[in-house]
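S.K.: Required output: the full structure, derived from the provided sequences and hints.
Chains as they are written, first to last, in this note's numbering: chain A, 761 to 847; chain B, 174 to 837.
Hints listed in this document are in silico derivations from the structure and should not be mistaken for laboratory results.
The model shown is predicted, which means the values in this text are computed figures rather than measured ones.
Check before you lean on any hint, since a few could be wrong.
[Stated by the list, open to error] Per the computed footprint, the stretches of chain B lying under chain A, defined by three or more beta-carbons under 8 Å from a beta-carbon of chain A, are:
| no. | segment |
| --- | --- |
| 1 | 264-271 |
| 2 | 418-432 |
| 3 | 440-448 |
| 4 | 657-663 |
C-beta: ideal position from N, C-alpha, C; glycine also.
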Amino acid sequence: MLKDVLKEIFNAKAFSISLIAKNLNISEGLVEDSVKELLRMGYIIEDMGSPTCDTPCSGCAMKAFCNSVPIKIYAIADKGKKLLKNI
Amino acid sequence: MNTIALVGNPNSGKTTLFNALTGSNQHIGNWPGVTVEKKEGKFKYKDKQYNVVDLPGTYSLGAYSEDEVVARDYILKGNPDVVINVVDATNIERNLYLTTQLIEMGTKVVIALNMMDEAKQKNFEIDLDKLSKELGVPVVPTVASKSRGLDSLIEKAIEYAAESENPKIEFSFGDDIDKEIEGIQAILDNSSLEYPSKWIAIKLLEGDQEIFRLIENKGPASIKERLVFLEEKATEYELEIVDKRYEFIGKIVNKAIKKPLEIEETRTDKIDKIITHKYLGLPIFALIMFGIFQLTFVIGGDLLGGYVATFIEIIGEQVVGLLTMIKAPEWLLSFLSEGIFGGVGAVFEFIPLITVLYFFIGILEDTGYMARAAYVMDGLMRTLGLHGKTFISMIVGFGCNVPGIMSTRTLDNKKDRMIALLINPFMSCGARLPIYLVFIAAFFPKHGGIVLFSLYALGIVVALLIGKIFSKTLFKGESSDFIMELPPYRLPIFKYVVRDMWDKVWDFLHRAGTIIFIVVSLLWILSVLPFGVEPYSQESILGRIGTILAPIFVPAGFGTWQATVSLFAGIAAKEAVVAILGMVYAGVSEGSQLVTALQGVFTPLTALSFMVMTLLYTPCAAVLATVKQETKSNKWMIFMAVYPFVIGWIGAVLVYQVGRLLGF
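M.R.: Structure (structure tokens):
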């Protein structure tokens with residue numbers, strides 16, 4: 761299942777949890793867990809320095825410009841690319 | 174038997190079950206050495222007292238969070254007589270992942286299949302006997318929130334704890350991994366480690382660092398020698414092991430549960446089909462932005478506009494009148510009247526419009542649309558050889574170019590980052606809004622939305638074109654790929670939108686009250702000196718400086734010393750442009766209103782040319798300082814100060830000269 765999720769992410773420029781869940785006919789919770797596992801294992805990488813924050817930090821000079829909805833960005837890591845070649 | 178441990182995913186109803194069992198008989202503390210809360214309680218069942226330990230909610234039993242380590246250590250070392258695994262029946266596949274790990278541990282597990290009422294509402298048909306048989310552990314249906322099924326659960330847990338055998342179900346991780354597990358297990362079986370040897374073997378092949386440390390310290394020499402090899406193997410097997418668990422769960426779920434046939438397309442996906450459409454996405458984005466600008470003028474301009482201006486005018490008149498009565502010095506009256514109320518006051522007049530615009534942008538952000546906007550622009554960005562992430566920093570730049578530039582840190586590739594950084598100031602920041610608004614009010618009151626939209630669009634177009642030029646000249650190379658997760662759409666929460674809007678407006682007011690005040694004060698001094706000259710005249714120091722520089726802007730149609738000094742003051746902070754115009758034009762016409770004054774010295778064409786210049790020219794000092802900080806280079810800071818000025822000047826000259834040729 762993790763490989764299927766990785767393939768879905770790779771094939772899309774933008775993905776939503778719900779769309780992958782629909783395509784693979786599994787629950788959204790399961791997709792969320794899969795994405796977390798893929799991240800943890802280093803198959804995908806998340807941009808930690810996302811320009812948009814979940815909540816504005818008090819005292820941050822940029823807090824007025826924080827989006828209330830964060831944009832999460834991922835890249836397929838070399839480990840992930842290697843795995844995709846073998847699938 | 175007297176100790177029961179409760180374990181389960183967050184939101185599975187575990188704590189509700191704990192509260193239902195123990196009532197007020199609870200004790201809350203901390204697990205030793207960590208900040209994780211420890212909840213213990215007692216209850217009586219058939220005259221016998223039992224202890225219950227509520228373990229932290231967790232999705233798995235790895236070693237990736239304190240919660241996971243606390244839960245698994247307690248299960249393995251705390252020796253509970255039985256573990257009740259609370260499983261959310263409406264999200265069974267996800268919850269069973271934890272169950273498989275409990276079974277791997279060889280723990281005595283009883284499943285409390287909770288939220289059965291909700292599962293029924295969703296038309297899930299769960300065959301409890303089959304589920305129990307496939308998992309090899311007892312399954313008891315419960316609705317903890319209504320205290321249903323709790324007696325059966327306790328009865329079953331006590332009964333199961335008394336049994337001598339632990340779960341028997343085994344599942345295969347595939348031949349290679351199974352063989353490795355057997356090999357490790359054979360070595361560990363005679364060791365005195367406190368964990369089951371098979372579980373240690375699985376964890377080693379999953380690359381669990383806690384277990385690697387355990388083996389390093391206490392493991393037999395024969396396994397210590399293999400640790401490097403096992404660590405390598407773990408990178409290969411880790412995903413396979415997790416995948417096999419999900420495969421096992423999938424098979425069980427297929428056998429024991431019948432769900433409504435297919436997962437329906439969500440509302441988010443339906444909307445996204447249109448919003449992020451290959452061809453429709455961009456026009457929709459443009460339409461949304463245009464709609465926002467139009468609405469801003471309808472509400473902020475037509476309905477709210479004017480009140481603040483009138484208010485400031487009345488206050489100004491009252492203050493100056495009062496000071497005249499008490500015979501305050503002339504210079505103070507002039508400073509307050511022209512400098513503060515005429516200058517800084519002119520910036521404040523546009524607060525209603527700015528507030529309304531931020532409100533609508535807040536709504537857009539809160540719905541999750543901004544991620545779509547970045548995605549929609551991604552295709553265009555790639556066509557131009559730019560990284561798609563650049564547009565995200567550009568969106569941030571619409572608020573303020575400082576965080577916009579700082580957000581380019583997320584671009585790993587130096588080429589992508591430098592381009593994103595250098596084009597960011599073409600994104601029209603909030604500080605430039607008052608400049609557009611005052612000129613729109615003076616010359617395009619009926620077409621405010623379209624003019625504002627065109628300026629923002631022009632900023633994007635220029636940024637993309639310059640980015641393309643940079644990618645072909647200064648910064649050649651490949652852009653890296655990225656994938657974006659689109660969050661689900663949600664209804665904006667009014668409270669958050671208003672809070673966000675207020676933060677931005679407050680920031681604007683704060684700048685107007687500090688930086689702009691200082692800039693206006695300094696330039697006011699220059700505009701009344703030397704003594705003896707007519708204040709705000711061409712003979713003042715400010716007038717003389719402006720007169721020297723003004724010829725630069727003659728080809729752009731606004732070669733007056735007033736326009737020139739306001740533009741250069743804007744390099745300190747963009748809001749200062751309006752403030753300085755307000756100050757130097759105060760008293761030019763009847764009523765000393767800036768809008769009226771501008772109508773007397775600009776034409777619609779020169780106004781447009783001036784707005785294009787302010788959109789594109791040198792960013793403010795804070796941005797230049799940020800560029801220096803981010804690039805660690807004075808060269809790039811100077812480049813950032815000069816090249817947008819040239820672009821802005823070319824843009825303004827083009828607008829004016831082409832406009833003249835067309836007869837405007």
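S.K.: Within the assertion that chain A covers the segment 657-663 of chain B, do at least three residues meet a Cβ-to-Cβ distance smaller than 8 Å?
M.R.: holds (count 6)
S.K.: When I compare C-beta atoms, does the segment 264-271 of chain B have three or more residues closer than 8 Å to chain A?
M.R.: Held - the segment 264-271 of chain B has 4 residues with a Cβ nearer than 8 Å to chain A, which meets the minimum of three.
S.K.: Are there three or more residues in the segment 418-432 of chain B whose C-beta lies closer than 8 Å to some C-beta of chain A?
M.R.: Coverage by chain A holds here, the residue count being 3 at a Cβ distance below 8 Å.
S.K.: Just to make sure I understand the rule, a stretch counts as covered if three or more of its residues have a C-beta closer than 8 Å to a C-beta of the chain. Does the segment 440-448 of chain B meet that for chain A?
M.R.: Answer holds; 3 residues pass the 8 Å Cβ test.
When the structure is compared with the earlier hints, no violation turns up for any of them.
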